[in-house]
Every structure is written in structure tokens, then in C-alpha cells.
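Novice: Sequence:
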Amino acid sequence: MVGRSAPARHPNRTLASRVRAVPGVRAVSTYRREWLVKDLVAGVVLTTLLVPQGMAYAELAGLPAITGLYTTVLCLLGYAVCGPSRILVLGPDSALGPMIAATILPLVAAGGDPERAVALASVLALMVAALMILASVAKLGFIADLISRPTMIGYMNGLALTILIGQLPKLLGFSVDADSLIGECAGFVRGLAGGAAVPAAAAVGVGGIVVVLVLQRFLPKVPAVLVMVVLAIGAAVVLDLGGRGVALVGELPEGFPPFTVPDVRPSDLPLLVGGALGIALVSLTDTISNASAFAARTGQEVRGNQEMAGVGVANLAAGLFQGFPVSTSGSRTAVAERAGARTQLTGVVGAVLIVLMLVLVPGLFRDLPQPALAAVVITASLSLADVAGSVRLWRQSRTEFLLCCAAFVGVALLGVLPGIAVAVALSVLNVFRRAWWPYRTVLGRVPDLEGYHDVRSHPQARQLPGLVIYRFDAPLFFANARTFRDEIRRLAGTDPRPAWIVIAAEPMTDVDTTAADVLEDLDEALNAEGVHLVFAELKDPVRRKIERYELTRTIDPRHFFPTVGAAVAEFRRRTGAEWTDGGP
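In the working numbering, the protein residues as written are -14 to 569.
Careful, some of the hints might be misleading.
[What the hints assert, rightly or not] Each pair of labels, with its calculated beta carbon distance range:
1. P403 - R5: 44 to 54 Å
2. N512 - L398: 50 to 60 Å
3. L398 - D248: 28 to 38 Å
[As the list claims (entries may be wrong)] In silico lysine to any residue, SDA-like type, Cα no more than 25 Å apart, as pairs:
4. K206 - P432
5. K23 - V223
6. K23 - R11
In short, the hints are calculated from the structure, not lab data.
In this text the structure is predicted, and so the values were computed from the model without any measurement.
Even glycine gets a Cβ: it sits at the ideal position worked out from N, Cα and C.
Go ahead and model the full structure; you've got the sequences and the hints to work with.
Specialist: What follows is the structure, given as C-alpha cells:
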């Protein structure tokens, strides 16, 4: 009898299921009518923040202000289609701006060709898109963990200072030609001393910072940035600030840029790749942290790999329409949430309103003073700094505080892109430091407490004559094997000499081949001195490795015990030893 074969899956059904799996399509199919008004209102509120921040962050990246609006529109639409979060908002970011500038400005001609800068930034966005999408396919979300919290605090503090110093000349109405923090500080001081500051520009810039900070502090529901921008435009018109030496944004290009595949020189690619890697890492860290925070508040699950794909598509869309790299924004997402946003329709509304502005009223921000944009950037940089977090590190862990300071100095002195490399290197080195020099101690028996405990915490812990219980809190591998060996030899040389050294091996999650060789030589040397190495509580995978390394040729198989208590009981049975007061 011939069995029936399984029915072939219809190709149209497969395509339909894939289409339905696209986050944007799924959001449309499950959309509720009662959400519409809230999403529309939130979209209008969000737009009031998107426009000035988009323009300001574009100039922070060394690009024309209009590119910030192009970028905002495309990334919002791209994420609305492919992003899994209901309300996460993407856009130009204050943390990425200096990284973009550090990557593209060295490649721009001495005259500062804006078109070339835009092309380089667009290629950078496409590279970031490729990295994020590849990371999503390869499920590499864990890469965000390469930057520890202390080093990220130091990096962000350094970034905040870099942005602040870099924007101060613009805030006061002049410019400085420097490519380092020290150079910018020196140029700023020389400019002030030489009378380069424009009083009217300084009044607008400093006044803008005061307005934003006061409103954010005392009236958090009021759109502080919008209020400041409207006041600045009004002052420019009424007081003729343009005639008083204050630089204005000017007329924005009308309409929307065409689909463009940016063209750059092959010699530009190495620096662009390096910049894209750093930007992708920071963007990935921001995305995972922001997605986790807002998902917890809205009852969603974090889908890290889909988030990376969504951010990748957003960068792809921006890069193809004269945009630059983007990331998620915690502040703009919070604004959308407070305004009642329910879905990504909020971002779509924001994108549509920006397009209508560009098409119908491109001159809306013609009289916006440049110092006002500097004020937007400076207030954003203040939110990047985490002084309280640094103080907390000082109180809780001096070592991690030093890591924070090192990352800060790396950004401040070496630059933004080398700074992210320093932050990653410090995080990785800190992991190795903990494994290289792990905590290790001798254990003893404490009256009225079950088990065996650290003699440093319990100096009154009792010992068995001839027995030492030693704990090494790390995997045993090539970097720390000699530390382990030296500690055991020191214990073996104490007076009176122990007969057994019991390794409380539960923290040892691995033993590599280098450590196995060290163990073999150590056991042979100890045996010659009448001291035996004994293991207790070895995990099964580690025990199997030891057997595969054939260490049981030298280490007696009977010297492996399931628990420390079992090893102690066997030693007492053989020797009749009794517990005595005091530790070694």
C-alpha cells in the first residue's frame, strides 16, 4: 500500500505568512480604532520635538540642517514597517552626532564640501544598516554587553563634555577650527579673549538653555524645546538678530530628496568602516536598553534581534535619501508615551507632518538663530552625563570608578571614536582582570553555621589539622593557572605541612589544556612531598574534561568527592583528626 505524501505548502500561503510576520503589517492588522486619536495627537506633539532636534543634531554631525529632517522622516517610516516595538522612536541622536562628525569630517575636502559630507554620511548609514541587519540574522544582540555600565557612564560623560565644549563657540556666535577637545577649549578661550563673541548670539543661546532647563524642571509636560525655538524665532524677527551678527538657519530646500545611491572613493572606506562599527555598537546598546525599559512599562517582550533588524532598516532608508546614521531615542520615546502614543502610527504622523512642512512651508524655520540650535544640543548633552552614577561608583567600587574615569579620559583626550574603542577594551579587560586575579580563600567550619565558610569573614572558623580547604572563584585557564599553582604551593609549604589540600571546586566552571598541564605538574610535585590534591564539588562537564585530559593518571581517582563534606568526612575517617580553633 502506498502512503499518501504530505500536501505541498502553497507558495502563495508561504508568502502571505511572511508578509503577515512583518511588524508593520501585523500592527495594521491588529490596530484598534480607539487608538487612532491618541496616535494622531501624539504624532503632532512628537513633531514639535523632532524638527528642532533633527536640525540641531545634523549640524552636530557636521551636516546641513535639512539632512536631519530627511533622516528623521525616513528612519521613522522604516522602523514603522520593520520595528517590533509599538512606541519606540528613532531619529538623529546626540550620542551619534560627534561619532559621525569624527568619521566624515577628516574625509571632507579642506573647503568643507557639503555634498561630499552628505554622501559620506549616507554611506555610513548604509554600513551601519548592513552591520545591524547582519547582527540580527546572526543573533548577535549579546554584543551590546561588550560595554559595561561603568565604562558606558565614563564614555557618555566624556561625550557630554566633548559636545558641550564643541557647541560653546556656536552658542556665543563664533566658530573654532580644532579637531580635539583641548584644541577646542583653547580656541574657545582665545575667541572670548579676542572679542569674537556676539552679544546678541550669546543672549539667544544662553537664554535658550535657561528656558529649556527651567521648563523641563518645573513644567515637564510643556514642550520646552518647541517653546524655546518659537521664542528664538520671534526674537530674531522682532529684534532683527540677523542684522546684529546672529547667524540664522536660512531657507531650507523645498521638497524632498530623490532616491540616491551615494558614491564615495574607495580610499574613504576604511575610515567609514571603523566609524560604522563604533556607531553600530553604541546604537545597538541604546536600542537594547531603551527597548527593554519601554517594553517593561508597556507589557511587551523585548525581541532584541528584531529590534536590530528594525534599526537596520531605518538606517538603510535614511542612507538612501541623503540621511545619516540613527538610533533609538529614550527622550523622544518618553515624549511620545506621555502624549498617549499606542503604536508606530505616531512616528508615521510625525514623518508626514515633516514632509508637509518641507513641501508647503520650507521657510518656517528661516529665522531660527543658530545659537538656539546650539542650545538644543547642549541641553541634550547635559542629559547624556551621569554625574550621580559616577558618584555612586566612587562609593560602591573604586575599581569600577577608575574604569569610568579611564573611559572618560579616553573620549576627552583621544576623541570620540577612539573613546568607544577604549570603552570596549576596558570592559573586556575588566572581565579578564576578574578571571586573572579571582577571589580565593581558605574555608573553615563555623560554629552554629552549616557548611564551610571564608576564614576572612569568620576568623573564628575551626580547622582540621593536616587539612586545608581552598576555594578559587574562577574558571581555571591559561591566564590564572600559575596563580592557582603558586597559591597551592604556598599552602603546601605551611607549618605544619598539610596532608590534604581540598579544592572546593564548585566555582571552577572550566579547565583548559594549559591549566590541565599545570595541574599535572603540581600534583606530581605535591605527591613527592607527601601532600595530596583533592577535588570536591567539581561540575560534571569539568570532571569529564579532566578525564579527557587524562589527569587521573596522576591525580588519584579516589580524590574526587561530590561535596566538601564528603571529602572532610573521608579525611577524618583516615586520620581521626578533630576540629581545632583558629585559621591558618
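Novice: Next, verify each hint and record whether it holds.
Specialist: Here's how the hints hold up against the structure:
In this structure the supplied range 44 to 54 Å holds for P403 paired with R5, their Cβ-Cβ distance being about 45 Å. For N512 paired with L398, a C-beta distance near 54 Å keeps the hint of 50 to 60 Å intact. The supplied range of 28 to 38 Å is met by L398 and D248, whose beta-carbon atoms lie about 35 Å from each other. Simply put, K206 and P432 have alpha-carbon atoms about 60 Å apart, too far for the 25 Å limit, and the pair is violated.
In summary, the hint linking K23 to V223 is not supported, as the alpha carbons are separated by about 36 Å, beyond the 25 Å threshold. Distance restraint check for K23 and R11: the Cα-Cα separation of roughly 19 Å lies within the 25 Å cut-off, and the hinted pair is therefore satisfied.
Hints 4 and 5, counting from the list given before, are not met by this structure.
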